[in-house]
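Chemist: Assembling the complex is the task here: the two chains are given apart, and the hints tell you how they should meet.
Protein chains in written order, with our numbering: chain A, 17 to 684; chain B, 515 to 847.
These aren't lab readings, by the way, just hints derived from the structure by calculation. All C-beta atoms, glycine included, are put in the ideal place defined by N, C-alpha and C. One or more of the hints may lead you astray.
[Stated by the list, open to error] Here chain A is said to cover these stretches of chain B; the calculated rule only asks that three of the stretch's residues, wherever they fall, bring their Cβ under 8 Å from a Cβ of chain A:
| hint | segment |
| --- | --- |
| 1 | 743 to 754 |
| 2 | 762 to 769 |
[To be verified] SDA-like mimics (lysine to any residue), calculated; alpha carbons at most 25 Å apart, straight line:
| hint | chain 1 | residue 1 | chain 2 | residue 2 |
| --- | --- | --- | --- | --- |
| 3 | B | 639 | A | 98 |
| 4 | A | 95 | B | 756 |
| 5 | B | 639 | B | 758 |
| 6 | A | 99 | B | 745 |
| 7 | B | 639 | A | 118 |
| 8 | B | 639 | A | 116 |
| 9 | A | 95 | A | 63 |
| 10 | B | 647 | B | 668 |
| 11 | A | 99 | B | 739 |
| 12 | A | 99 | B | 757 |
| 13 | A | 499 | A | 544 |
| 14 | A | 95 | B | 747 |
| 15 | A | 99 | B | 747 |
| 16 | A | 95 | A | 307 |
| 17 | A | 95 | B | 634 |
| 18 | B | 639 | A | 49 |
| 19 | B | 639 | A | 94 |
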Amino acid sequence: MTGMQGSIGLADGPGPVGQVGPVASVEDLRVTFRRGGRNVHALRGVTLHIAPGEIVGLVGESGSGKSVLGLSLLGLHPKASTKIEGTVMVCGQELTSGSAEEWRLVRRRYLGAVFQDPMTSLNPTMRIGRQVAEVAGNTDEAVRLLNAVGIADASARLSSFPHELSGGLRQRVMLAMAIAGTPRLVIADEPTTALDVTVQAQILRLLRRLRDDLGMAMLFVTHDLGVASQVADRIAVLYGGRLMEVGESADILERAVHPYSNGLLRSRLTLLSGRDRPVVSLAGEPPDPTNPPEGCPFCARCAFVEDLCRQSIPEPVEIRRHHQVACARAGSLTEITDEALAPWPQRADPTGLAVLVHAVTKTFSVGRGRRRRPLHSLRGVDLEIAPGEVVALVGESGSGKSTLLRAIAGLLRVDSGSVEFGVPGDPQMVFQDAGASLTPWLAVGALIAERFGSSGLSRAERGQRVEHALASVGLPPEVRSAKPRQLSGGQRQRVALARAIAVVPPLLLCDEPTSALDVSLAATILNLIGQLRRELSMAVLFVTHDLAVARIVADRVAVMYLGRIVEIGPVDSVVGDPKHPYTAALLASVPDPGVELKAVMGEPASPLDIPIGCGFASRCASADELCHRSDPQLDALSESSDGPIRSIRRVACFHPVRSDEALGGGGG
Amino acid sequence: MSPLAFAARRVSAAIVIVLILVAAMFTLQHLSRTDPAHAYLGAGASTTAVAAERVKLGLNQPVVTQFFHYVANLAQGNLGVSYRTRNPVATDIGEYLPATVELAFYALVMALAAGTLLGVASAGKWRGARVLKFVMVSGASAPLFLLALLGILVFYGHLGILPATGRTSSVNPPTGPTGFLTIDAVLAGRFGVLLNALRHLVMPALSLAIGPAVSIGRVLRGSLMTVLREDYVRTARAKGLRERRVLLSHALRNSVGPALSMTGLQFGLLLAGDVVVEQVFAWPGIGYYAAQSIPVGDFPAIGGVTLVLGVGYVAINALVDIFQRIADPRIKL
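One chain only, chain B, in its complex shape (with noise of 0.2 Å):
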């Protein structure tokens, strides 16, 4: 397939999968009975007022109308306007979003660091491989909010050598001109509140990583197990190359394709967990506007955050098939 008829078919994919993202969230919204038109006005607000703002914000018209009404904004860029910041919702995303993208790159980063290490390691049967197997595992099976709880008690409560909430401790950080902060501090030469981003960074990437690593390195230990029983493994231990080199060299690239897609499948996961990640430790991103707008049943916003999230999964997964291919030439995209 040509790298456009590629692109076509991955963009037609994320609009099929935001419509439908779309449709969900108006069943939602009508299925919770809350009322936005009173939550945009406030507790006091008198029933006529609140009767006007539903009609001003079309809210009395056929749930199927708002539907389309809403399609057809979106395909315009217009996300509405969120009924608790009162600023549009694509205002609010794209302040929120840059720290919430700079979270999960690094927390995929580790991730796939991490998975890569245990899999490895487990699968040439290294040295301290179970110590590192028995740490990550048990990591993975705590609740996300307990273990970032923890997290948070133990290196900064007792130990005091990581902060605990925020982006950023460093007075009148840079603001442009990506949004992600380690990029613009570099940018900027301050190489000190790039150190103090990273301490930031730390434990919620840390928190977020450790369960998709866990699959990740499962997924690559079995299928470098497999692979390193091929002919072609006996053919290069043959050749006499060192088994350091028959490991990364020639079995490390056969065995990639089942972690990657696992890694597609695990960055939903870690989108989901990026809304708890981001409360516990008031990280100003996206899950956490979300985590704001959805007690005051801010349906705009909402929106705003899922069809980005949505449309996030679609590309993570356009890349995992692009690195596949270019993993196994054998594959055709």
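Next up, chain A with everything else stripped away, as it sits in the complex (with noise of 0.2 Å):
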């Protein structure tokens, strides 16, 4: 059985590896593909040593060559399109230009990976037992490591296929392989990032306990700066495939020198940053692959450029113990203090109804013949939405939240209850995947004139029009001739609002739309909305899984469990003092740094399966019999019941948080 060599571990290893050295690095790696005759320069010079059991959180922007770091130290770069230079070493092998078979003997014997998308990560047609028994060596040992990763009845769940598990779970599986055979560095790709957030921070725990027990080096690829908190020792920030900033994870937190690392961490979105004016974000686009600048990566977008920053790459130079900085002025950098934004100006309360959902609710039908099973997707939903008022929907998967958006936008038939607009007009949608919402072989131009439909403009009228509404999100008037595919991420995302707004809608139903983005992006959209929705007077329902940004856009959050909502009411309220315990466990998810994670347990109930009494019960702290036995409805709460309509919080929980428990008391 070729599994056994996973077990067998240090002994055979193929050469002498000190305690001191480290477990694998690169030298000055440079990795360029040829992709559509083109090359593509991923990573251009990286310098990155990993110690024996330390965690290193690597942190960038799509495009930044994380990744291909990954899999550089993986091997797993398809030879034929990839030209590989400098020097990779795993395990003291020398592996720059090893050959198929060592890097496989490597990968078995010292390798672990874990990499973003746990379904599509996992063969969808074997059996879960075989997949990590193939590493594992042998099913005993299989079940071992599935319960070492939190799998409570491992061997029951042997002969599950990948598509019978909860995302969590098939995340779980993929670890047990990563750690088959105790690996010395394990190569994690944005392993929470399909995640919902308590799932998330329940594998992010995992990781640390597991790297504890074992030993192992780890590293953590994350585009996000707070996760990367969590876990990592040390964190290194990679931009236009060079390393700007290597540190101690407190280090760089606290005191980031490199002008990029900054300004990432202040455009990161918390749940303390200001919301009465626009978001700190990042001007500008990273630097394109296919024709990197000569000097420094960054100068494009740095606020201290000076001429030798464009004319030669900056070395990284080490500026404290273990911090290194890779910056021409990183002696002589001042303290960045942001322009202080203007705050949005004042408005009355919103008044009057743009929307009204009554009672809605919708059950799906899954499975064929006598496997057929009700999901109950929607059950009783009530929400109402004023002009120029923004209501942020938060939940996790399998909460309702993008049905209930379908429903609204009616793109779905309701079982029950109603939906009415106070506005004429239609509702317009904006979706996560701005790239795929837009019909490839049509110009932009012709997007967006479509929502004119046929309303008699002449040409002329059709074409100002169109220019007008690239101009309110921020695009040139040329951008109407260009396909959607020449467009970067964040333009796509604009044209989408752009296309939206056209004809200004009663209600903008955004699904979420920075969720793909990165954080200097999503600051910039999320600023777009906040400035379109106030000079349009528009209602907006806002999806989001991520409580931080719902804080920055909405005036009201709505927290769905289970097809129902939960808790509603101002924003500052519920985030500042959650009632329901699923809202605080949301709240004590969110991987901020320097705040301790407190998980809650188990995985977000499944529609196909609607307990009896409260939906959060089996997972709630506080949960007593009466919640197990009759369903809470959303009531308001006796204390804020007398204000006005808008400022009411409702909460569906017999037990609320009591204000002093504060955040995190939803945790177990």
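Modeler: In structure tokens:
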């Protein structure tokens, strides 16, 4: 059985590996891909050492080369189209020009890997027991590993297929395979990005615990500094294929020197970001990897740029112990203070009615034949939004938030209840994946002009209104003749917004429009939505899984769980003083630097299997017999019931969190 | 869906297809203006004898009446009597069918084997894949009869290593119990007969297989190439599995779906080719039987063969669905 090699471990190592040397290192690593007849310079001279037992958080935006570095350490680049220069060492072996077989043995013995989406990363047609046993060597060892990653009834799960497991369980299976044979280094590439926030918190804790138990090193690739801060001992910031700054986590988070790491930190949204004004964003976009700049990759977006920066690439310099910065002006940087952005103008409280959702239910039917089961997606939702008001809808997968959005958009027929609009016109939608929601063969101008329909506008008038719509989302008029694929991700999301507001809709429905974007881009889109809704007095329903984002965009927030709104109220009061244990658990799962994660147990309940009592009871620390027996309704809290209707807080809970319990009341 | 519901659905599909086939046959019969009674009695029959025979065979009735009459008989398992052999068609088919099933089976096995080899070899960039592809594609682009004749010329006429016609040249071959010569020979313990039968099978089966093999191979290659870019293949490689294992135990199973669909489609073409191939190799199957019945307008015989082939096609496609379900547990039948 080939699987036996995995468990042999250290004894047959090819070379002597001392305790002091790094478990893996790259020296001046340059990786270039040949793609579509052009050279993509993904990594342009990266030097990084990973010590045994250490977790290095590799942070960067999309296109920074962070995943490429991870794959370089796994030797998984396609040989034919990749040029690798520099040095790659893993466990004392020089592998830069290693053969496929050498790399395979190194992966087998010393390396483990966890990837972003556990659904696509597991073989859909192979039982998980076999997938784990393939690396573990035998079934007993597979069961032991599955237990080690926190899968309770592991031996009963062996015969499951990946699609029969929840997202969190799937990622635990991936982890079990990664730690099989006790690797020296695990490459984890965005291992929590595809997971719900409460599950993310559990997996992050598990990763740390596994490292502590097994002593393996880890390269933790992520776009989110907050996530990195939760697990990493050191953080390395990558930009344009170069390392900008490397240092111990606390040092980077508190005393970042490089203007880029600083910018990343400042544009990161937290539960404390000011919401009375636009959020700080890094202007500009990352350099084109097919045509990288001669000087510092960041110089085009840097506030401290000088001629020297444009002429040569700065090398990393040690400015403190274990803290390196690649910036020509590292010694002479002043404290960065953002120009205080002007606060949003004050407005009168929104009145009137843009949309009224009343007692909406929707049940889908899944499976066929005797396996046919009802999936209760919406179980009685009430919601009203005033013109000019933004309501954020927060919830995890399966909560029904996207179904509610589609029901309001008229894209699906509800089973009972009603959706009424107080203002004429059709609601418009903006989706997460702007690229996929724009017809690829139509020019931007045509896509926007579609909104005018047969309104009898002349050609010139249409053109003018298209340009006006583009201008209001901050795009130049030339964009009208471009095709969606010629635009960047941020530009495409702007085009989607321009199309939605070309004729001002009574209600703008946003389905996670920023979650696929890098932090700095997300910030600009959030600012744009904030500006548009104020200028146009447009009601917005904004679906997000991220409470920090909800807090920034919304006036009110509605928290959904299992097809119901479990808590709703003004955003400051809900975030600052959550009443429902689930809201508290969500807040406690937000990975912010310096805040210890309190992971709630279990995973979001399945809409296929609705409990009799409160949907959250099985995960709730304060649930008692009453919660399991009867279903709490969404009632106004007594202390807030006198105020104006929009300041009323409602919560569906028999035992609301007391204000003094504050954050983390739902943690177990 | 439960197995029973699945079976019920496929059987009703088969019934609908049979009805459509019968209707199509009656239309053709009506349009062809061949007089089966004339064919039945021979060229020298008198006009009155022919007219009497038409009444006896029910040919003087309206086509629609004849159609319902035929269907009613069919429901009782009665396919009528062949005008040419004067045997019940069911008896004739019972005699000729095993030879065809045996040939089609070996052809299908060869098509699947060669198709898989072609697909895996070209997707895995194995050495020799290009040569294999060249040979197979040129084979598949030649018309079937030409390929069969060429095979006879080379392997029988020139090299003399394979027989040209028939199922067997053994003396007194076993005739039961299954009717499949290769199986009966094994059951009877006569391995000489088995070898002889296999030698007779090679050329006709290969001629039938090569077209479907290329189609299956190309579809398999396409889906393999897609699957090899999937995340779970990267996971398998990250585990440090051997490339062969990555390909065969992770990628291949996830790629067979489209290839199986193609196999179902190609089986129809294989049955059509069977009529030609049996003719060229004088293979005593129902294709051969049909080819002899067509010129004389022996409609009961032609009808029987058509129905058998139609039902065979439905059966194979039901099998394809079942195999797809086995290959991918996410598929519900």
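Chemist: It remains to establish, for every hint, whether it holds in the given structure.
Modeler: Now for the hints, and whether the structure bears them out:
no.	hint	in the structure
1	743 to 754	holds (count 10)
2	762 to 769	holds (count 4)
3	B/639 <-> A/98	holds, 18 Å
4	A/95 <-> B/756	holds, 16 Å
5	B/639 <-> B/758	holds, 12 Å
6	A/99 <-> B/745	holds, 22 Å
7	B/639 <-> A/118	holds, 20 Å
8	B/639 <-> A/116	holds, 15 Å
9	A/95 <-> A/63	holds, 22 Å
10	B/647 <-> B/668	holds, 21 Å
11	A/99 <-> B/739	holds, 22 Å
12	A/99 <-> B/757	holds, 21 Å
13	A/499 <-> A/544	holds, 22 Å
14	A/95 <-> B/747	holds, 16 Å
15	A/99 <-> B/747	holds, 22 Å
16	A/95 <-> A/307	holds, 22 Å
17	A/95 <-> B/634	holds, 20 Å
18	B/639 <-> A/49	holds, 20 Å
19	B/639 <-> A/94	holds, 13 Å
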